[in-house]
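There are 2 protein chains.
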Amino acid sequence: MKQSKILIPTSKEAPSDAEALSHKMMARAGYIYQISSGVWSYLPMGYRVIRKIEKIIREEMDKIDAVEMMMPVMLPADIWKQTGRYEAYGDNLFKFSGRNDREYVLGPTHEESFTEVLRDSIKSYKKLPLVVYQLQDKFRDEARPRYGVLRSKEFEMFDAYSFSADQAGLDAAYNDQAKAYRNIFDRIGLDYKVILADSGTIGGDNSQEFSAPAEVGEDVIVYTDGDYAANLEKATSKFTGVQQTDEPAELVKKPTPGAHTVDEAAESLGIDANQILKAMFFMAKMGEDDYQPVMVLMRGNDTVNETKVANAVDCEDLELATEEQAQKYLGAHPGSLGPVGVGEDVKILADNYVKVLVNMACGANDDGHHYVNANIDRDFRVDEFGDFRTVEEGEIAPDGNPIKFTNGIEIGHIFKLGTGYSEKMGAQVLNENGRLVDMIMGCYGIGVSRLLSAVAEQNADEYGLVWPDSIAPFDVHVIPVNAKKKDQLEMAEQITKDLEDSGLDVLIDDRKERAGVKFADSDLIGIPLRVTVGKKASEGIVEIKIRKTGETVEVKAEEVNNTVQILLKQLANQDD
Amino acid sequence: MKQSKILIPTSKEAPSDAEALSHKMMARAGYIYQISSGVWSYLPMGYRVIRKIEKIIREEMDKIDAVEMMMPVMLPADIWKQTGRYEAYGDNLFKFSGRNDREYVLGPTHEESFTEVLRDSIKSYKKLPLVVYQLQDKFRDEARPRYGVLRSKEFEMFDAYSFSADQAGLDAAYNDQAKAYRNIFDRIGLDYKVILADSGTIGGDNSQEFSAPAEVGEDVIVYTDGDYAANLEKATSKFTGVQQTDEPAELVKKPTPGAHTVDEAAESLGIDANQILKAMFFMAKMGEDDYQPVMVLMRGNDTVNETKVANAVDCEDLELATEEQAQKYLGAHPGSLGPVGVGEDVKILADNYVKVLVNMACGANDDGHHYVNANIDRDFRVDEFGDFRTVEEGEIAPDGNPIKFTNGIEIGHIFKLGTGYSEKMGAQVLNENGRLVDMIMGCYGIGVSRLLSAVAEQNADEYGLVWPDSIAPFDVHVIPVNAKKKDQLEMAEQITKDLEDSGLDVLIDDRKERAGVKFADSDLIGIPLRVTVGKKASEGIVEIKIRKTGETVEVKAEEVNNTVQILLKQLANQDD
Numbered sequence: 001m002k003q004s005k006i007l008i009p010t011s012k013e014a015p016s017d018a019e020a021l022s023h024k025m026m027a028r029a030g031y032i033y034q035i036s037s038g039v040w041s042y043l044p045m046g047y048r049v050i051r052k053i054e055k056i057i058r059e060e061m062d063k064i065d066a067v068e069m070m071m072p073v074m075l076p077a078d079i080w081k082q083t084g085r086y087e088a089y090g091d092n093l094f095k096f097s098g099r100n101d102r103e104y105v106l107g108p109t110h111e112e113s114f115t116e117v118l119r120d121s122i123k124s125y126k127k128l129p130l131v132v133y134q135l136q137d138k139f140r141d142e143a144r145p146r147y148g149v150l151r152s153k154e155f156e157m158f159d160a161y162s163f164s165a166d167q168a169g170l171d172a173a174y175n176d177q178a179k180a181y182r183n184i185f186d187r188i189g190l191d192y193k194v195i196l197a198d199s200g201t202i203g204g205d206n207s208q209e210f211s212a213p214a215e216v217g218e219d220v221i222v223y224t225d226g227d228y229a230a231n232l233e234k235a236t237s238k239f240t241g242v243q244q245t246d247e248p249a250e251l252v253k254k255p256t257p258g259a260h261t262v263d264e265a266a267e268s269l270g271i272d273a274n275q276i277l278k279a280m281f282f283m284a285k286m287g288e289d290d291y292q293p294v295m296v297l298m299r300g301n302d303t304v305n306e307t308k309v310a311n312a313v314d315c316e317d318l319e320l321a322t323e324e325q326a327q328k329y330l331g332a333h334p335g336s337l338g339p340v341g342v343g344e345d346v347k348i349l350a351d352n353y354v355k356v357l358v359n360m361a362c363g364a365n366d367d368g369h370h371y372v373n374a375n376i377d378r379d380f381r382v383d384e385f386g387d388f389r390t391v392e393e394g395e396i397a398p399d400g401n402p403i404k405f406t407n408g409i410e411i412g413h414i415f416k417l418g419t420g421y422s423e424k425m426g427a428q429v430l431n432e433n434g435r436l437v438d439m440i441m442g443c444y445g446i447g448v449s450r451l452l453s454a455v456a457e458q459n460a461d462e463y464g465l466v467w468p469d470s471i472a473p474f475d476v477h478v479i480p481v482n483a484k485k486k487d488q489l490e491m492a493e494q495i496t497k498d499l500e501d502s503g504l505d506v507l508i509d510d511r512k513e514r515a516g517v518k519f520a521d522s523d524l525i526g527i528p529l530r531v532t533v534g535k536k537a538s539e540g541i542v543e544i545k546i547r548k549t550g551e552t553v554e555v556k557a558e559e560v561n562n563t564v565q566i567l568l569k570q571l572a573n574q575d576d
Numbered sequence: 001m002k003q004s005k006i007l008i009p010t011s012k013e014a015p016s017d018a019e020a021l022s023h024k025m026m027a028r029a030g031y032i033y034q035i036s037s038g039v040w041s042y043l044p045m046g047y048r049v050i051r052k053i054e055k056i057i058r059e060e061m062d063k064i065d066a067v068e069m070m071m072p073v074m075l076p077a078d079i080w081k082q083t084g085r086y087e088a089y090g091d092n093l094f095k096f097s098g099r100n101d102r103e104y105v106l107g108p109t110h111e112e113s114f115t116e117v118l119r120d121s122i123k124s125y126k127k128l129p130l131v132v133y134q135l136q137d138k139f140r141d142e143a144r145p146r147y148g149v150l151r152s153k154e155f156e157m158f159d160a161y162s163f164s165a166d167q168a169g170l171d172a173a174y175n176d177q178a179k180a181y182r183n184i185f186d187r188i189g190l191d192y193k194v195i196l197a198d199s200g201t202i203g204g205d206n207s208q209e210f211s212a213p214a215e216v217g218e219d220v221i222v223y224t225d226g227d228y229a230a231n232l233e234k235a236t237s238k239f240t241g242v243q244q245t246d247e248p249a250e251l252v253k254k255p256t257p258g259a260h261t262v263d264e265a266a267e268s269l270g271i272d273a274n275q276i277l278k279a280m281f282f283m284a285k286m287g288e289d290d291y292q293p294v295m296v297l298m299r300g301n302d303t304v305n306e307t308k309v310a311n312a313v314d315c316e317d318l319e320l321a322t323e324e325q326a327q328k329y330l331g332a333h334p335g336s337l338g339p340v341g342v343g344e345d346v347k348i349l350a351d352n353y354v355k356v357l358v359n360m361a362c363g364a365n366d367d368g369h370h371y372v373n374a375n376i377d378r379d380f381r382v383d384e385f386g387d388f389r390t391v392e393e394g395e396i397a398p399d400g401n402p403i404k405f406t407n408g409i410e411i412g413h414i415f416k417l418g419t420g421y422s423e424k425m426g427a428q429v430l431n432e433n434g435r436l437v438d439m440i441m442g443c444y445g446i447g448v449s450r451l452l453s454a455v456a457e458q459n460a461d462e463y464g465l466v467w468p469d470s471i472a473p474f475d476v477h478v479i480p481v482n483a484k485k486k487d488q489l490e491m492a493e494q495i496t497k498d499l500e501d502s503g504l505d506v507l508i509d510d511r512k513e514r515a516g517v518k519f520a521d522s523d524l525i526g527i528p529l530r531v532t533v534g535k536k537a538s539e540g541i542v543e544i545k546i547r548k549t550g551e552t553v554e555v556k557a558e559e560v561n562n563t564v565q566i567l568l569k570q571l572a573n574q575d576d
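Going down the list, the sequences are from chains Z and B.
Using our numbering, the first residue of the first sequence is number 1, and each one after it goes up by one.
Using our numbering, the first residue of the second sequence is number 1, and each one after it goes up by one.
Excised from the complex, chain Z in its bound form (with noise of 0.2 Å):
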């Protein structure tokens, strides 16, 4: 392909608004071009890795016999409000309608579609299982789109939908699926983390998340040197209490004037944060108009950790309660509150580590005053033990290692669904007994758009993009120092076929630029390779570069081809 052919209009200059190293190099880099904000258009180059990361995505599907098809962006409101996602998916959904009043919405996600089709479709259990799938864009009318392309409204997803009549169906698809994923994910060179990831209420290995390490994530990954991976939300770590010794002392209410925190409830009364308890009111939503209050007591220094606590609860929606329900319930402001005498409409949840202490100080559900020396049953009632708290870096793992902390790029997402949508939708099939069961869903994902920013936010250096082989625009790109030079441009033209004759991508930089635009355009745009075809070419010599590693090797002409070729092999070998 001729450099003169395409569009990239690379710039010295980032846009104002990027802050992360992929948004600034791939708008350098004439890869993406922001039409609204939060709305991408991918130039030739942009769109050149996403054709190449589809194209991986659909040979590991292949593999596991799952099925491309194509559903319509515009989705009819009607099955929307059937699942009742019309109104619970809230402000990122777009809404519209059209002629005759007919109400759309853009798909963010086609579980809906998909059953229907499946259900209209298939009768028996015979003809199941089923893995179908799209690539496709998809709309989230995100609050605040950013990072380029990691973040945005409109941006391209592989979804896959499997159906099965039997548990042992969903499992094989959605254990095809987390294989796939991870060789799909090994052949783009990304260095990434199959997480446990909270899966609500349902329980068990539900749910996997695969995560992109990069400063600019938005997840925190939990991870260890060893196997264990988790997100912040779902991490646990081994409980090393040591239950107390200390004779009970006398419960004392003190005066602790003006101390709202732990910290200056702790000096206020001279003893360690830990051996106080922090405890939070919420609200938790059980059900239509139907809340419970909860106090959850945990050591003064911990977090708490409110989806296992919600989980715990096994409520729709959790929120910390307000000043007025903390008045209403407690008697008290929220910085003073304790378990001391709360009543049984109140559910007591405290974590592990309150249970081994003794003679812990509480708030006294009296504003200005705090417990010293209250100790559990005693003084006071805990409904239920667990693990309620955020695990903290350096704790001990399930798997026995340090853990650590980063943040993720969330890039997939496997998860066993079940028969909620069936259920609603009515997606039943004959099973083997001749009788109607609903049929049973996973729902799969990887956001194909936001790859690119995760493998430029690893791979980018200060000079531009550098692309993984699998992924790269182009193999190869070859440049005449000088087009205007003959024997440079007759030279390099001659590499170029004899590349692109051996089945690589290759772009020939022929337009008529100076020599440091050109090599300053190549390192920006990030191709792995490239072959320099300057004075030396009359002497039959050109020097390769290696873009990732800023190593160069001079070979005869004759030789590029079969030089490439080895190279290419030993990038991909590092990239495992």
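No lab work stands behind these hints: they were computed from the structure.
The model shown is predicted, which means the values in this text are computed figures rather than measured ones.
Identical copies go unnamed one by one, so any copy, or any two together, can satisfy a pair.
For lysine to aspartate or glutamate, the following DMTMM-like pairs were computed, each having C-alpha atoms within a straight-line distance of at most 25 Å:
| id | residue 1 | residue 2 |
| --- | --- | --- |
| 1 | Lys-52 | Glu-500 |
| 2 | Lys-126 | Glu-490 |
| 3 | Lys-254 | Glu-267 |
| 4 | Lys-569 | Asp-505 |
| 5 | Lys-486 | Asp-501 |
| 6 | Lys-24 | Asp-191 |
| 7 | Lys-126 | Asp-487 |
| 8 | Lys-512 | Asp-62 |
| 9 | Lys-81 | Glu-103 |
| 10 | Lys-95 | Glu-142 |
| 11 | Lys-126 | Asp-510 |
| 12 | Lys-2 | Glu-432 |
| 13 | Lys-95 | Asp-78 |
| 14 | Lys-404 | Asp-227 |
| 15 | Lys-5 | Glu-111 |
| 16 | Lys-126 | Glu-13 |
| 17 | Lys-127 | Glu-500 |
| 18 | Lys-24 | Asp-120 |
| 19 | Lys-55 | Asp-65 |
| 20 | Lys-95 | Asp-137 |
| 21 | Lys-193 | Glu-218 |
Following the hints, position chain B against chain Z.
Just chain B now, kept in the frame of chain Z:
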């Protein structure tokens, strides 16, 4: 690919609203599924056809150095307002809002966005010409979606845009596209016509339409057995009028009570309908609130061609005058109009065939009366003669051959846009002389999903679909008649493997269905070749059937691969 793993929900019944053969058969064969009126899902078989068409388009675009990229489908309303199309596009444009009242449209076409990207990316003629394209879903809120995916609200298009600094660049891009379209449609095996399309007031050969003859086509194509093809708006025929030589007789006004049509007047006056002037009265919109009344005269049996009239008047829009407007300007009912005594404020056009008439009859602008023996110049004024009539079958086309009519499906359109968008959006480059010039644009489109309908209309038969091999979802359908018999299944699997190894797409019907069901499904889904492995498998013999002709041949299992290759080549040659 195993048929048990792919979703092909065949059915004996077509949807009750299906009128077109292509709609019926694609729905019955499980290629498409309607999600909502005019909104379709492409099931795996349908999507495989789409993907094969996309591949052909990409290969032909590569050949002419057109470059693929991808725009968003949600577009900010701003740039559509800038070009005036936000209002002008009318009710077919889907409009919606997101957070912070940001307004968007769903792109029905992308001139604005490409102009914006190129404007911001290209500053010099040195980087031009460039041709960029995309394969993408488009959106139009059709008032009457119908014929399955032929006319739908969301549909896939190929759309390309060329940008150049001079006319030569535009001409080259336009000619490249025209050639590529012929290659594409040839390879798809479609019967199509390249027709002269109306290009509004620009004149010249600025637009070509590609149309596939089919009964359900919504355009009338005028063509000959020679080279000529045009749409009905644009078609012309050789003038065969002969000057009448009667002496002009005296103008007489006659009562013709109740005669509102040409035929009624002819009967009332006892003269030939073609000796009566049909006077059509239009209001031509020349600009904002600026209307020109226009009377068009033609022979009584001729049909006015509004496009030709609009081009002659050079107006923005042409509408038949209302009863009130006829009364206001001419003082009579629209059925009683004529040119005699009409003031200078009304422009009078007459078809060339009127020029040779002598002693015509015409409406007298007095309800219930006609003039007879009216003559040009003596009795009425004609401001301009021209070709304002619609051609008819049997007339002689400009190429000397008799004109035929057929219905056609518009499958492609190429168009020299000029500088309209560049001017409105400030898309300029420096030319060779260092002066800022508007980029000159062309736009080009192929209806990708609609091609499925066109091919199916031309090729389907009473048993189902018949695909040309170039876009068939699979090349070969292998059917073990009884999949429970080990020898049949094993031989079928071996044949499948051999064919796949030689690069073919093969579907094997591994389902435990009755033979009759398998054969009926096979005919319905229309894969070009069928290999049936039945009882003679024990003798090592199978049957190959050509879907299109129904011909069968028995071959030894080891000859299947070779025979299939030969048959596919023969079929490809027939389609040319």
